[in-house]
Structure formats: structure tokens, C-alpha cells
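Colleague: Take the sequences, apply the hints, and build the full model.
Residue strings, one per chain:
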Amino acid sequence: MAGTGLWGYGQYKARIKYENYLSSEYQKAFAKLGQNMEELNTQLGKTMVSSSPLVNILNFDRVWHTANQAHAELNNLPIETPEIMRTAKFLSQTGAFAHMLARNNAEKKPLTSEQRDVIGELRQQATILSNSLKNLQNKVYSGNINWHNIASQGDDAAETGETPIRDGFTKVREELDQYPTLIYDGPFSDHIMETAYNNIKGRQLSSEEAEKIAVELVKQTSVEPADSLKKVTSRAVRGKLPCYSYQYRKDNNVGYTVDLTRAGGKLVTLMSYRDVGEKNIDLEQARDRALSYLAKAGFENMQSTYAEIIDNIAYIPFVYKKDNIIYYSDLINVQIALDNNEILGVEALGYLSAHKERKLPEPVLTKEQAREKGAVNLDQVDSVRLALIPIESTREVLTYEIRGTNQGNTYLIYLNAVTGTEEKILQVIESEKGTFTI
Amino acid sequence: MVKVLKKQNIIKFLLLILFISLVLINSTSAQRELLYPGVRDNDVRLVQRRLASWGYYNGKIDGIYGDETMRAVIDFQVRNNLRTDGVVGAETWRALGYNYKRRRANTAYAASVSRNQEIEMLARLIHAEARAEPYEGQVAVAAVLLNRVESASFPNSISGVIYQPLAFESVANGQFNLAPNNENRRAARAALNGWDPTYGAKFFWNPSKPVNKWIWSRKVIRTIGDHIFAY
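Residue numbers (this note's numbering), protein chains in the order written: chain S, 12 to 449; chain Z, 413 to 643.
A portion of the hints provided could be inaccurate.
[Stated by the list, open to error] Derived BS3-like pairs: lysine-lysine, alpha-carbon spacing no greater than 30 Å straight-line:
no., chain 1, residue 1, chain 2, residue 2
1, S, Lys-242, Z, Lys-621
2, Z, Lys-631, S, Lys-212
3, Z, Lys-472, S, Lys-28
4, Z, Lys-625, S, Lys-150
5, Z, Lys-621, S, Lys-251
No wet-lab data here; the hints were simulated from the structure.
Modeller: So this is what it looks like as C-alpha cells:
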């Protein structure tokens, strides 16, 4: 009896200790969030009055850093996502916007008056947030808020059933929603987050019309096209890209899911899972098979640059190629079983959302000039070709992709084909599972 | 840098880059070097040894990131003012005195190593949240997680999203620590390679289970198996 009692008391004490520990962790995150918000508020204010580019770089860099810190602390709090999503978004955007401005300053691009206005608005929002947090902090210090309750049962204050923390964030959300959306040339910009699939065009198909295409695409996944399919279900896909989704079982009992756009009936995704047996097919054969499958699905002029083999499945990305230019945004992934060359998966959403008629600038640099530029920092240049690559935001840049080696490492250097400036450098890490196919 | 991974095109491009095992030269992402509960690795031994010699850890030096190791890591993080998540990321590695970046830079398989860890974490989440779901439903759950990583409104790393408080019931109740199967892993790999049958969903739920009312305010995209997916 006494033993059980003692054990129970021990358990009780351990629980209290654990609860206290968790509460203090949450409290620490909350306190740091408050400090970061105050700091962010101050820093944003400073950027509004400074006109020295160097000071501005430092200030914007500080804003970026502080906003990221605050974002991390916010995400450590035990509050359900809908309440804090708006605040999190504000912090991500403020950070990314400031980062862009820091870089602009470094490139000697002065602040525009629009950008100044935006900073002013961000500052106002930071003030709202900062004040609200101070308010809540006072309640926490007066002992009315219990983090353990918030995390476990949804009441901030056990006795009264009130939820000041959540209410506080809800109020912040409502106030921040009054401000216009934030559009800039960088990650998290509102116009990017609202990706519309504008490039996907075509007549609206009925489900019956689309189904005919779907059946054919699933049959064709086998090297010898399947004779009959068993339909399992079909489902509607709403959202920003309306699709039809069908599920079938092939004669060999492998289940397939295939999604087609309602506009134009284009293949978006194909997925199936089965165990894959011994490898009978080499990469070359698999790639040819994938290419002919893509052509049947309406994707022409595709080229693979790389392949990876994992558990006897080849994962091959294909990119669009036209007039000897590689379009990296127009990307389709294909998954092929190397036991019998069956197509297991296709993912074409990237291609469909990016692919369009583009007006590309005439390269100013010649291929030879690009090679020479690349050769300055490389021991050896292996290849040079034109490639359109996506950079920050929605922009794409025409570049020369220069592949070469330096001290035994392989690098890809992307030189802007018009200005000659370096856009990106990538180091190629060779892995045992992957190989270049060109 | 992982932060650039935002726009659809860039994501696809970088996914391709990751896929072809390239590494951005100045990348210092914490995610690459991550150790977390469930990992068995020689690096775990390093951590255990260091924590033991500094008095944080009394358990076996066995290279298994179990509960005791996690407790020791949390203890270490608390006392050193690090972010307390029980996960050994770049910050914690540094605090432990290992220059992790340098150690990895010479490893030929850096990209595939990091990818394997990402796959393992995603596969665990799939196993915990959707093991009874059809394959496409499993890919979908992993895709939601990756959509969150890309979103401004959520943490910006896979571990951050998984361990966000109250985000996943299965992390809170320990289901997340169960070993995933091959199907879960392949679904995780598909999601990392760009397959997203949810078309950008950030939420999913099982309507037959008790859920918060607010979840119904999200805009529904589709159902797969027992799950509803929404923006």
C-alpha cells in the first residue's frame, strides 16, 4: 500500500516536473518572440530614416535575421496553426522583403518610394504585433496564463476558461488582414504564393471524354499495352487546377491513379505502387521507353540530363529542349520499373504550369566567350550550352551552362547570356546511384 | 540555400538539382546534418559520447537515437540556450564542438545522405499518419508536409514542420517513432521528387475522427482514401 502510494507520489512529482519544464520552454519561446518583435519594430524604423547604402544593408540584414528568429520562436508555441498562420506569414514576408532590399543595396540599387511605403506599412504591422505581444506578456507574468493548459486542453486559464493568447493572435490576424498583399521580387511574395495555372489552356472536357484519355494512358504503361482495365473509382479535384482523377487496376493487378486537367485533358500525375523484381532493363532502354510514353501523352521535345536508380526503379527527370536551349522549368519526372520497363509514375505539374511560348533575348555572349569566361576559374571545361533557368520569384534567365572541373570537383556555372554576370554556381556531387545521361 | 526554395519553378528546378545530387556551394542548411529520434548512425555515437563526457547522458554509447539520447540533447539545448527541439541540427552540432559543415563537405555523398534523412522523416510521418491509406494517399500526406515547408505561414524545414507543437497528433503520441515500410519510403521519395496529388494542400484530416471546427473553414481540394485535403 505504502509502496504504491510512494510510487504514485513519485509519478505525480515527475509529471509536475515535466509540465513545469514544458511550460518554461513555451514561456521562453514566447518571451524571445516578444523581444524579437520589439527589435524588428526598431530595426524597421531605422531603415526608414537611413539613406546610407552601407548602413541600409546592415539594417535590412538585421531585419531579415530578426524576422526569421521571430518566425522560428512563433512556430515553437503550442498554438494551433490557424491562429498563428497570419503572423508567421507576416514574418516570412518581412524577412524575405528585407533580404531583397539588402541585396538591392549591395548592388547599388537605391530604395524606391514604393518600397519606402511598404516598409512603412510593415512597420505599422510590426507595431500592432509587438504591442499585442506585450499585452499578452503582462497577462502571462500576472500568472493568468498557463502554457501547459494551452498545449493540452485548450484553455489558457484553467479557472476561467478564457483564451487570451489565442484571442490575441486572432485579433492580430484581423488587423494584419486590413493591409494590402505584399508583392516583391523574392520568395513568399503574395503573387507567387497564389500560383495560378495560367499556362494550362484547352477546351473543358467532360468526365467521359477525359476518361478515354486516362484509360489509354494507363494501358500504355505496360510495354505490351494492357487489354482491359478494372475501374476502381473516380474523384473530382477542385482547387486552383481543376482535374479529373481516376483509379484503375491493370490485368497484372497493379493499381494506378491518373489525374488529368479538365482543360485540355493533359496528364498531370500518374502513380502506382508495386514491388519491383530483378533488374532486366538498362538505363538506356528505360529512358527510350519513358520518352516514347511522354510522346504518347503529348509531351514532345523532351530530354533527360540525369537519372538515378533506387531499388531497381529509375527516376528520370526530363526537361524541354528547343533550338538547342534547355528549359529547366519545364520539367517532367518519370519513374520506371527496371524489371519489365513498366511506367510507374509521371509528374508533369511543373511542366504544365511553366511551359509556354517564350520570347527569349538574343545572347550577347557567344558560346566561345562563355567558355573562355568559365575557363578562368575552372581547370577544365567539359561542355557549354544555353539553358533557361528559373531564379528568384517568377523570373527566368537565359544562361550559358558551363560544366567543368576545379581541383577534381565538378561544377556547373550559369553565366547570364546577355550580361555575362554569374547567376548561379552549383557543385556536382557524384553519387553511386546517379549518373549523367548526357 | 533552402530559403530560396519558394516558387514553384525554383522548387522544381532545385528538386531537380537535389535529384541530380548537386549541392549549392555555399549551402549551410541545418537540415542536411540533422539527427533526430529513431536515427541509428555513427554520428549519434559522437553526440552520445560528447554528451556523456559533459555529464548530460548516462546511457549506452550505442549509436541509437532513443528517448534517453533525446532527453540528454534537450537538457543540453536548454542549458546552452539553443532551440529546444530534441533534434541535433547545425546549431546544436556547433555547440557540441563539431564543425559539421567541414566534416560533411568532403563527403562525396552529402546530397544523397541528406536526402536519405529527409526521406526517412517523411516516411515516418506517412507511416504514422497514413499507413492504412492507398499509395497516392501516402504521397499526398508527404506532399502536404513539403507544401508547408514552402509556405510562408509554416516553419521552413521538414523537421520544423513535423515537430511544430500541436501540428501532428502522431508526433505527440509517439506513433512517429515507429519504423516505416518500403511503401512509405517510396511515397516519401515521390513527394520529394515533386509528385503532389494534393495540388498544394497544407491541411489534411480524417472526417470520421474528431477534428477541430476551424478545419472546415479551409478550402477543400479533394479526398484521397479517408483523408480530405485542403489549402
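Colleague: Next, verify each hint and record whether it holds.
Modeller: Going through the hints against the structure:
no.: 1; hint: S:Lys-242 <-> Z:Lys-621; verdict: holds, 28 Å
no.: 2; hint: Z:Lys-631 <-> S:Lys-212; verdict: holds, 23 Å
no.: 3; hint: Z:Lys-472 <-> S:Lys-28; verdict: holds, 25 Å
no.: 4; hint: Z:Lys-625 <-> S:Lys-150; verdict: holds, 27 Å
no.: 5; hint: Z:Lys-621 <-> S:Lys-251; verdict: holds, 27 Å
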